[in-house]
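Visitor: Each chain, written out:
Number of protein chains: 2
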Amino acid sequence: MKNSVAGIDYRFTDPKLLQQALTHRSLGARNNERLEFLGDSVLNLVVTSRLYELCPDAQEGDLSRMRARLVRGASLADIASGIGLGKHLNLGEGELKSGGFRRASILADAFEALLGAIFLDGGFKACHQVIAELFDPMIEALPAAEDLKDPKTRLQEWLQGRSRPIPVYHLQREEGADHAKRFYVICRLQDEDAEVESSGSSRRSAEQAAATLVLRQLQEKAGK
Amino acid sequence: MKNSVAGIDYRFTDPKLLQQALTHRSLGARNNERLEFLGDSVLNLVVTSRLYELCPDAQEGDLSRMRARLVRGASLADIASGIGLGKHLNLGEGELKSGGFRRASILADAFEALLGAIFLDGGFKACHQVIAELFDPMIEALPAAEDLKDPKTRLQEWLQGRSRPIPVYHLQREEGADHAKRFYVICRLQDEDAEVESSGSSRRSAEQAAATLVLRQLQEKAGK
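Top to bottom, those sequences are chains W and V. Residue numbering for the first sequence follows our numbering, beginning at 7 and increasing consecutively. Residue numbering for the second sequence follows our numbering, beginning at 7 and increasing consecutively.
Be a bit skeptical, because a hint or two may be false.
Partial list, computed: chain W residues near chain V (C-beta under 7 Å) [stated by the list, open to error]: (1) Arg40; (2) Leu44; (3) Tyr58; (4) Cys61.
In silico SDA-like pairs for lysine to any residue, Cα to Cα no more than 20 Å straight-line [to be verified]: (5) W:Lys158 with W:Glu226; (6) V:Lys187 with W:Lys103; (7) V:Lys155 with V:Arg71; (8) V:Lys131 with W:Glu59; (9) W:Lys131 with V:Lys187.
Hint data in this document are derived by calculation from the structure and do not stem from the laboratory. Note that beta-carbon positions come from the ideal geometry of N, C-alpha and C, so glycine has one too.
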C-alpha cells in the first residue's frame, strides 16, 4: 500500500488513512467524506494563519477576501490537478466511466480529504508545513486587495468616498422554471436619475452584474 | 499586565497578546479584529476535530450541523459570559456607556480573539486543550442529529422517505422599507392541492416557517 503521493511532501505512518482520503463515496461506506470535512477546517486554519503572518497590515475584511480566493474549489482543483491527484483516486465504476477523476469538485474534495488524513496521521505541524509550501507562493501572487472586492462593495465604497448615498437594488422579475431561473435586477443611484438593469442566474449575480455596469459608467464619467 | 483570565486554563508568555485580544475596535487601531479572524478558524478546526473523534459514526452533514450549533455566536457569547469575560474587555467610552461589555456579539468576538491570541502565544496544542475542555461537555449535550436539521431539510426528507416529490417555495411578495422588509412565501406540495403561506424577516426564514407548518400538518394527518 503506498504511503505518499507525488507533489505532497509527506509520508504516512498509517497508509490506510491515505487510501481512505483517495476513496470517493461512489465506492462505498469507507470513503473520504468525513476526512474532507476535517481537511476543510485544517486548510482554513493554516491559510488563515499564513495570511495573518504574511500580511501584517491587512484588515479583517481583506484577509477574508484573500482567504476566500485561496480556498475556493477552483483553486483546490488546480492544485490537485497540478500534483496529478486524479490518477490516484479510487472511484466507483460509474464515476470512472464518466471521467470523475478529472471533475473539479471530486479533485478539490480529495485534496481536502488528503489534508484531513495528514492531520490525523501527523498532526497540525505536518499539515502546516505541507499547506504552507503549496499556498505561500499563491499568497505572494494574490491580486491587490481592492481587486478582490466584489462589484457591489466596490461601487458602494466608490460612492461613499464621494459622500454620495448608497445604491439601491430592486428585483424586477424572475423568468423561467425553478431549475433554470433568470433574475432581473435594477441598480439605482439615489441622487441621480439613472438606473441600470442586469440579469443573472441568481439574485446576487444579477446585482453584481448591475453594480459592475454602474461603476464602469461612473468611472468613465469621472474620467472625462 | 495580567497574563490570564479566569475560566481559561492558559497563561500567556506575551501578555500584550492577551491585552490585544480584549481590546474592542472602539478603542483604536490596535484592536482584536485580526485576532478574532484567526481565532474563528482555530475554534472551527478544534471543534471539527473533536466532533470527528467523539462521533465516529456521524456523516458529514450531521457533523456540519453539530458544528454550526456549537460555534454560533449565541453559544460563544454564553461561554464568554460564563467565564466573566465582559469585565476584562477594553472598550471605548461610547461602548462602555451603552453596556457593550454585555453585548453578545462583542463577547463572542472577544472570545474568538482570545483563542487567536492563545494560538499565536502557545500554538495549536495549547488551543486544542483549552477548547476541548470547554466544548467536550457541549458536544455531549447536543440534541439528536435529527433535531439539528432545519425545517426545510426535515420536510424534504419526510417527503422523500415516502417517495413523494419535493416541496416548492414561491416568494409571493415583499413588504416594508429596505431596512425592515417582510417576506411572504408560499410552500406548496406538488402532489397535493395544498399550500401554506408564511412570512419572515428574510426569504429564508419565511421558507423555514412555512416548512415547519407544512411538516406539522403532514405529521398530524399521518398520525390520525
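Visitor: Return the status of the interface hint for W:Cys61: holds when the least beta-carbon distance to chain V is below 7 Å, violated otherwise.
Guide: violated (10 Å)
Visitor: Please verify whether V:Lys187 and W:Lys103 have alpha carbons no more than 20 Å apart.
Guide: Not OK: V:Lys187 and W:Lys103 at ~49 Å, beyond 20 Å, violated.
Visitor: Restraint: W:Tyr58 near chain V, CB-CB cut 7 Å. Satisfied or not?
Guide: holds (5 Å)
Visitor: Would you check the hint for W:Lys131 and V:Lys187, treating anything up to 20 Å between C-alpha atoms as holding?
Guide: violated (48 Å)
Visitor: Under the criterion of a CB-CB separation shorter than 7 Å, is W:Leu44 in contact with chain V as hinted?
Guide: For W:Leu44, the interface hint holds, since the closest Cβ of chain V sits about 5 Å away, which is under 7 Å.
Visitor: Does V:Arg71 lie within 20 Å of V:Lys155 when you go C-alpha to C-alpha?
Guide: Given pair V:Lys155, V:Arg71 holds - Cα atoms ~7 Å apart, limit 20 Å.
Visitor: Hold the hint about W:Arg40 up to the distance rule: shortest CB distance to chain V must be less than 7 Å.
Guide: holds (6 Å)
Visitor: Is W:Lys158 close enough to W:Glu226, meaning Cα to Cα at most 20 Å?
Guide: Holds, at about 17 Å.
Visitor: Would the pair V:Lys131 and W:Glu59 pass a check requiring their Cα atoms to be no farther apart than 20 Å?
Guide: holds (19 Å)
Hints 4, 6, 9 from the list above are not met by this structure, while the remaining hints are.
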